[in-house]
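From just these sequences and the hints, can you work out the full model?
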Amino acid sequence: TSRETPTTATSEGPAASAAQNQSAGPGCARSKTGYPQIDLKGAVVGFSQSEKEANPFRTAETQSIRDEAAKRGAELLYTNAQSDLNKQISDIKSLIDRGAKLLIVAPLNSDGLQPAFDAAKAKQVPVVTIDRKVSSQPCTDYLTFIGSDFVEQGKRAAQQMIKATGGTGKIAILLGASGNNVTVDRTKGFKDGIAGTPGLTVVAEQTGEFDRSKGQAVMEQLIQSNPDITAVYAENDEMGVGAVTALKAAGKQPGKDVKIVSVDGTRNAVQLLVDGSYTGVVESNPRFGPLAFDTLEKFGKGDEIPNTIVISDDEYDSTNAAQKLANAY
Amino acid sequence: MTQTTQAPTKTAVGSAAARTRWLQDNGVYVAVGVLLLFNALFTANFLTLGNFTTQLVQAAPVLIVALGMALVIGTEGVDLSVGAVMALAAAIIPLYLGAGPLVAITMALVVGLLAGAFNGFLVARVGIQPIVATLALLVGGRGLALVIADGQLVQLHDETFLALGTGDVAGIPVSVLIAGLLALVIAGLTNRTTFGRQLVAIGGNRKAATLAGLPVNRVLIGVYAITGVLAAIAGVLATSRLAASDPADMGLLMELSAITAVVVGGTPLTGGKVRVLGTVFGVILMQLVRATLIKHNLPDSIAQMIQAAIIIAAVYVARERR
Amino acid sequence: MTATLTKATPTMAARTKVLQRQGAAVALVLMVAVSWLVFPRFGSLDNLRDLALQGSFLAVIAIGMTFVIITGGIDLSVGSVYALGGVLAAWGSQYGFLVALALPLVVCGLIGLINGLLIARTNMAPFIVTLASLLFARGLLLVITDEGANTYQIPADSAFVELGRGTVFGFGYPIFVAAVLAVLGGMVLNRTNFGQNVFATGGAEQSAVLLGVPVAKTKVLVYTMSGTLAGLAGALTAAYLQSGVTVIGVGLELDAIAVVVIGGTLLTGGMGTVLGTVIGVGLIKVIQNVINQIGTLDSNYQSVVSGVFLLIVVVLQRILRR
Amino acid sequence: MPTEIPSSPVIEVAGVTKTFAGVQALRDVDFTLQRGEIHALVGENGAGKSTLIKVLTGIHTPDAGRITRDGHISTIYQEVNLVPLMSVSANLFLGREPRNRFGLIDRARRDADAAELLRGYGITADVSSPLGTLAVGEQQMVALARAVAAEADVVIMDEPTSSLEPREVETLLGVVQKLHEEGIAIIYVSHRMDELYRICDTVTVLRDGVNVHSGPLKELPRIELVSLMLGRSVKEIENHGTTAFGEDHHADAEPVLEATGLTSKPRINGVSVAIRPGEVVGLAGLLGSGRTETAKAIIGALPIDGGTVLVAGTPVPRTVKAATRAGISMLAEDRKTEGIIPNLSVRENIVLAALPRLSRFGVTSRSKQDRIVDTFIKRLRIKVSSPEQKVAELSGGNQQKVLLARWLCTEPRILLLDEPTRGIDVGAKAEVQALIDELAREGLAVLLISSELDELLDGADRLVVLRDGSVAGELEGDQLTREHVLKAIAAEVTDDSDHASTH
Ligand SMILES: Nc1ncnc2c1ncn2[C@@H]1O[C@H](COP(=O)(O)OP(=O)(O)OP(=O)(O)O)[C@@H](O)[C@H]1O
Ligand SMILES: Nc1ncnc2c1ncn2[C@@H]1O[C@H](COP(=O)(O)OP(=O)(O)OP(=O)(O)O)[C@@H](O)[C@H]1O
Ligand SMILES: [Mg+2]
Ligand SMILES: [Mg+2]
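Protein chains in written order, with our numbering: chain A, 1319 to 1647; chain B, 71 to 392; chain C, 218 to 539; chain D, 8 to 510.
Hints listed in this document are in silico derivations from the structure and should not be mistaken for laboratory results. Predicted model, so just to flag it, every value in this text is computed and none were measured. Check each hint, because a few of them may be wrong.
[Stated by the list, open to error] DSS-like, lysine-lysine: derived pairs with alpha carbons at most 30 Å apart:
#1 A:K1488 x A:K1441
#2 D:K375 x B:K343
#3 A:K1481 x A:K1359
#4 D:K242 x D:K375
#5 D:K328 x B:K277
#6 D:K242 x B:K343
#7 A:K1481 x A:K1532
#8 D:K385 x B:K343
#9 B:K277 x D:K494
#10 B:K277 x D:K272
#11 D:K385 x D:K328
#12 D:K343 x C:K434
#13 A:K1359 x A:K1619
#14 B:K277 x D:K385
#15 A:K1481 x A:K1566
#16 A:K1488 x A:K1350
#17 D:K185 x D:K390
#18 B:K277 x D:K397
#19 A:K1350 x A:K1481
#20 B:K343 x C:K434
#21 D:K385 x D:K397
#22 D:K272 x B:K343
#23 B:K343 x D:K390
#24 D:K397 x D:K328
#25 D:K375 x B:K277
#26 A:K1532 x A:K1574
#27 D:K494 x B:K343
#28 D:K390 x B:K277
#29 A:K1488 x A:K1509
#30 A:K1350 x A:K1616
#31 D:K225 x D:K272
#32 A:K1574 x A:K1488
[Claimed, not checked] Some chain C residues near chain A, calculated using beta-carbon distances under 8 Å:
#33 S252
#34 V255
#35 T362
#36 E364
#37 R382
#38 T384
#39 V464
C-beta atoms are modelled at their ideal positions from N, C-alpha and C, and glycine is treated no differently.
Structural data, given as structure tokens:
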């Protein structure tokens, strides 16, 4: 599949070359929903962001949506739920109230947005969800999901890990926040991915809560009690970067003595990769803008839209990091 | 309706009482001892210098914050804003690092001082209850830090500044040294100075302290200001150790960790008493608990429940009897 | 003799009492009036319905918190217990409406009961006991959901969902549940012996003991109540969201405490009203709504604005109270 | 007074012992309360009276011994033990509120009943206002009303009159008489001999936790009772004589303290007081007449609407700190909430206000503290196991002495004493009074507030009488008689002079 062949960088970044081949189930057309036709130009589009733009992923995501809206001449309404699920429901309702005819939602959580979708349905407002898949019904509750496959990300990280370690090693996993389905999927993908490699064993899995300093603190503990750890899988870059600091402080050479693979594709992590202190980064592509607006436009034209649109995630390793550094966010 | 109360026979009542009283005063030291013993026996590679250094380095910022918190709690107050102040300090650093680490650190401490003094002003002069007064800064302070930093994590490269987090003096990490020194200073402050004795008197009975002519407002504002500065110091050290200014996550939930450590260390939340050594050991105890849970690779769910149990057990032993 | 004095005082006292009691209400009326004028969509029926619904979950928790705070205590566990309640309700919904409703009430009530027993029987500080159960409830939630991997869904057609999603004149059922509880809560507080015991316990615990108030029993009851209500709020939320979301409720305890205090209840205990709490909920939700109405506000500024608002409200209240 | 003494005990205590962290408060105490009798319980401060009462009512569990109770006990504890934030009526009926037919509290009836009940005790305050807004004496009356209304077989009163002024004492004694006629047994604790001899049938004397005497009171001469309490021979006490409290002091001409036109609405209205060095000025008045307020206004603890305070001719800023620095000290009336810092040791409580003086560059000197503390513990005969004992563990009277010591060690020029001998035993009282004299002789200006008229008459060189927050008159020299004062206090209470003449 396209996964194995990393997308070559273009000036617009990987999002421009998004693959839509992963559509599952029957498509969804406007005729089926009975929603009105809306011209993107001059339309009011609402975007509900889930968390503060305090990490690079969210910053890049919001920026991408803003840029694309400006490019297409749509008026963008924006809300931020500040990690509060109930607030996101209110946000979405208020976006509709303020006249949004099309919605892009970055869900805080896979579950729990049903009341917001119901409100959108009642006003015949199509909803595109990005980056996190929700458990509601596509086409009826929301139009489609555009995002990465987190399980797949985990699997790809596992493949990088197998390649880098040569199939033997003791792995510590720095888990994301507990109760978060990104954590669950990236763990599952990774464990499935290394299942066929008996030389790789997971000796510790502890949560670093997607946070650099927590990742660092946990790594410091683990490297003390398990000095024989040879590989670290961090479920986001921030924890991976924290682990690098911890390993250096413990006298290890990250990237060499201890392989580090993480998911996200932030500039900090890729830079470390360039510097040789990192092993691999699987991208989680935040540039949803072009794809989201394309989808809304197609839907408006009456085309059939697949239930799931997978955005292509790039991949960085020691061979390509330097040349692709500009792509990292 | 005739009721007769027969007192319990008075054998060994005295010695049992003495024993519980001893445990009450020394429970936290015993707990640290027990945990050390457990780890020595059951945790791989525990008895290494590197490991102890790690524990101390990780505990240092919490301890610095907890020292301030102990003072505030001594006045029958509480400061929920310490985590936010750490974030503010973190956000300030990169702004001034260009002018040299000393300037950056000074600015961060000044911001901590101002934030603390503001809390103190609200509590002492306006008369708002400490929890609510500092809650406002907890909510707003981190936001302000993010505004200052434009929401971004900033990677730091200034060697001198980073040395604070990685360097050592005679084998003792700088941050641990600073934390230790501050503990001594705060211990001296509470036990040997007028300010310290006035502080506990205000916590013990504010009305009486006022009538005794104590400078109540000045002491309260001073205590919160000190706490602000200490939180800022902790923020600076944590930032240098992280090699990045991360206002979004810096000091998150630090207020709860600090309060827990102080209370576990035997300082009652009802004020009128400050135990500095107890606080140091409270911090160490919680650090060891976390380390033990991680080293034994327990899932988050179980780890949280065990932490809950240990907090209860420690506080139960140290509780004031009626 | 004292006649002239005591005759003069009641009218004065009555007038200040009115102002004190209505402080939060005055602020709320002002906020609503201004918002209505400035933001055209604020007054839309849809917006008001949503505001009331969002407020109802918090209100249910805050009513329990009001009782706890009046006894001079605090309950930090409500946020976690709320999330746990939701998960339990969602899990229980597969066995029908009754289980979905009863399970969270019983389990969360039990956690509250344990809080109460530990606080009342062992003289441990409520802050620290409930801080531990905050951790415990989260841990339990993670155990039930396989470290958060499972989110239990509630079938859209089940009667339980109706409890959260059903409406009368467009106003959701949870609003009515909260309203009924508020009326009941006010009645219990002011018109029953238990309510009087709650006031006495918080007003002067030692005296209350000497007056024959069952202080321990009262404490156990209020924490049980608080746990149960947090569980109920969680269940209502689960019904509304049609699933047992695991990531909710973090930091909710601070919101609950803030609204109770804004509503004029003394954190030191002995004084407070349920009506004030309801007004406090209204204020906080209106503030959040207004921030949303502004629309263009940078997400980092939002918490700064919340913090400033909170500060203004408590300072205003404090000034009115003088 | 007592008509018949039926001999079935309502309370019987045998061999009770109670120890608190090192202090043996009660030692093998036997005690019997007969049905219908008024039983005086006396002893020095810290003798164990309050502890015995708490053991009787089940607040404390004894370490050893047996207690048999037959009937319902209702108690007024030494410190007012009501809930200040709750309304007066809620306090009165807490636990037995009148209900309506839905089982809910009938608030209207509760207020009406409360007002009715309190009128019988001469209190006309608004029953729906918080109890804390009442004067301490009024609160004490509410506690009394509550205890009496509980329909008990035994009523225990631990120093009920310590914060009452003469008129209310009469009301209280009247209530005691009424209870007695109804056949209710009473345990009465007081340091005021007159009261004891007026109403009590029997007496139990505790000394250092030991019951040293139980028997009829009337047959026991006062001097012998005192000797039992103090553990000194009658002769020794006779030699010592009564205190010389109230001898004339040599006062300078210029007042050191001049407070003029102090106004704090609605409590005080243009009160002026001047005190010369070496002079003891008494402040007399009814409960709520504004004596405490006047003292608080002088020291800056009460926001005022008008008035000035001059010390040696210089105006003093309106803060307690400034007043303290200028040399004014005040012993507060309510030692529990405004006096002691319960968690701190006796030493720390004593040196608290003087701390800056005992420090260099903000660092405290322990040896200086110990020296001062030792001096005062000896001089005031404070009963402590060690200076490091928590002050909360002391008996009420000893706490009062600690507070006195706190003020004396600041070496003030002006001392405001609000009820300085409240709750202090006979021995200590004489000492405190002697101390006041001595201080005045040393040149201190003293403002003395007391509910005990005799104390004022004996101790003060001059009396300022307050009525409804204003100065109603000043008495000096020959005018310092009971009759004159009562007349000045309020016209309506002159008939109290009848009681005065009874002893
Ligand atoms: N809770 C306590 N802890 C420690 N010691 C106590 C406690 N309560 C009382 N004591 C001690 O027991 C002794 C008796 O005290 P108690 O209060 O019974 O005296 P009292 O006779 O009522 O004195 P007063 O006339 O001053 O009220 C005192 O030495 C006191 O210090
Ligand atoms: N009607 C009232 N309203 C509010 N507060 C009152 C009232 N009466 C008394 N108080 C409070 O009670 C305390 C004592 O009252 P006040 O100063 O009037 O009495 P006093 O003249 O000093 O007599 P005493 O010392 O015998 O109580 C004061 O601190 C005052 O605030
Ligand atoms: Mg006593
Ligand atoms: Mg007074």
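Quick rundown of the hints versus the structure:
1. Between K1488 (chain A) and K1441 (chain A), the direct Cα distance comes to roughly 54 Å. Violation of the 30 Å bound is thereby established for this hinted pair.
2. With a C-alpha separation of about 22 Å, the suggested pair K375 (chain D) and K343 (chain B) falls inside the 30 Å cut-off, and the hint holds.
3. A distance of roughly 47 Å separates the Cα atoms of K1481 (chain A) and K1359 (chain A); the hinted pair therefore is violated under the 30 Å criterion.
4. Note on K242 (chain D) and K375 (chain D): the hinted pairing is violated, with a Cα-Cα distance of about 39 Å set against a maximum of 30 Å.
5. For a cut-off of 30 Å, the pair hint linking K328 (chain D) to K277 (chain B) stands: about 13 Å separates their Cα positions.
6. The straight-line distance between the Cα atoms of K242 (chain D) and K343 (chain B) is roughly 48 Å, outside the 30 Å bound, and the hint therefore fails.
7. A threshold of 30 Å between alpha carbons decides the hint, and for K1481 (chain A) with K1532 (chain A) the separation of about 28 Å falls inside it, so the pair holds.
8. A distance of roughly 28 Å separates the Cα atoms of K385 (chain D) and K343 (chain B); the hinted pair therefore holds under the 30 Å criterion.
9. Distance hint between K277 (chain B) and K494 (chain D) is unfulfilled; the C-alpha atoms sit about 36 Å from each other, more than 30 Å.
10. A threshold of 30 Å between alpha carbons decides the hint, and for K277 (chain B) with K272 (chain D) the separation of about 21 Å falls inside it, so the pair holds.
11. Restraint check for K385 (chain D) and K328 (chain D): satisfied, since their Cα atoms lie roughly 28 Å apart, inside the 30 Å limit.
12. Among the hinted pairs, K343 (chain D) with K434 (chain C) is consistent with the structure: their alpha-carbon atoms are about 27 Å apart, no more than 30 Å.
13. Among the hinted pairs, K1359 (chain A) with K1619 (chain A) is consistent with the structure: their alpha-carbon atoms are about 13 Å apart, no more than 30 Å.
14. Proximity of K277 (chain B) to K385 (chain D) is assessed by CA-CA distance (about 28 Å); at most 30 Å being required, the pair is judged to hold.
15. Restraint check for K1481 (chain A) and K1566 (chain A): the C-alpha separation of about 23 Å stays at or below 30 Å, so the hint holds.
16. Annotation: proposed proximity of K1488 (chain A) to K1350 (chain A) is violated, straight-line Cα distance about 52 Å (limit 30 Å).
17. A hinted pair counts as satisfied when its Cα atoms are at most 30 Å apart, and K185 (chain D) with K390 (chain D) does not qualify at roughly 37 Å.
18. Annotation: proposed proximity of K277 (chain B) to K397 (chain D) holds, straight-line Cα distance about 18 Å (limit 30 Å).
19. Distance check on the hinted pair: K1350 (chain A) and K1481 (chain A) sit about 47 Å apart at the alpha-carbon level, beyond 30 Å; violated.
20. A threshold of 30 Å between alpha carbons decides the hint, and for K343 (chain B) with K434 (chain C) the separation of about 29 Å falls inside it, so the pair holds.
21. Of the supplied pair hints, the one linking K385 (chain D) and K397 (chain D) holds, its CA atoms being roughly 18 Å apart against a limit of 30 Å.
22. Of the supplied pair hints, the one linking K272 (chain D) and K343 (chain B) is violated, its CA atoms being roughly 38 Å apart against a limit of 30 Å.
23. Taking the CA atoms of K343 (chain B) and K390 (chain D), the gap is about 24 Å. The hint holds against a cut of 30 Å.
24. For the hint linking K397 (chain D) to K328 (chain D), the alpha-carbon distance of about 26 Å falls within 30 Å, and the restraint holds.
25. Straight-line distance between C-alpha atoms of K375 (chain D) and K277 (chain B) comes to about 26 Å, which keeps the hinted pair within the 30 Å bound.
26. At most 30 Å may separate the alpha-carbon atoms for a hinted pair to count; K1532 (chain A) and K1574 (chain A) meet this at roughly 23 Å.
27. Distance check on the hinted pair: K494 (chain D) and K343 (chain B) sit about 50 Å apart at the alpha-carbon level, beyond 30 Å; violated.
28. For the hint linking K390 (chain D) to K277 (chain B), the alpha-carbon distance of about 25 Å falls within 30 Å, and the restraint holds.
29. With a CA separation close to 13 Å, the supplied pair K1488 (chain A) and K1509 (chain A) stays within the 30 Å bound.
30. Restraint check for K1350 (chain A) and K1616 (chain A): satisfied, since their Cα atoms lie roughly 14 Å apart, inside the 30 Å limit.
31. Annotation: proposed proximity of K225 (chain D) to K272 (chain D) is violated, straight-line Cα distance about 48 Å (limit 30 Å).
32. As the CA atoms of K1574 (chain A) and K1488 (chain A) are separated by approximately 14 Å, the hinted pair is consistent with the 30 Å bound.
33. For the restraint placing S252 (chain C) at the interface with chain A, the shortest Cβ-Cβ distance is roughly 13 Å, beyond the 8 Å limit, so the hint is violated.
34. At a threshold of 8 Å, the smallest CB-CB gap from V255 (chain C) to chain A is about 14 Å, leaving the interface hint violated.
35. Satisfaction of the interface hint for T362 (chain C) is found here, the shortest Cβ-Cβ separation to chain A being roughly 7 Å, below the 8 Å cut-off.
36. For E364 (chain C), the interface hint holds, the least distance from its beta-carbon to any beta-carbon of chain A being 6 Å, beneath 8 Å.
37. Look at R382 (chain C): its Cβ gets to within about 7 Å of chain A, closer than 8 Å, so that hint holds up.
38. Among the interface hints, the one on T384 (chain C) is violated; its C-beta lies about 11 Å from the nearest C-beta in chain A, farther than the 8 Å criterion.
39. At a threshold of 8 Å, the smallest CB-CB gap from V464 (chain C) to chain A is about 5 Å, leaving the interface hint in force.
Figure legend: structure checked against the earlier numbered hints; hints not met, in rising order: 1, 3, 4, 6, 9, 16, 17, 19, 22, 27, 31, 33, 34 and 38.
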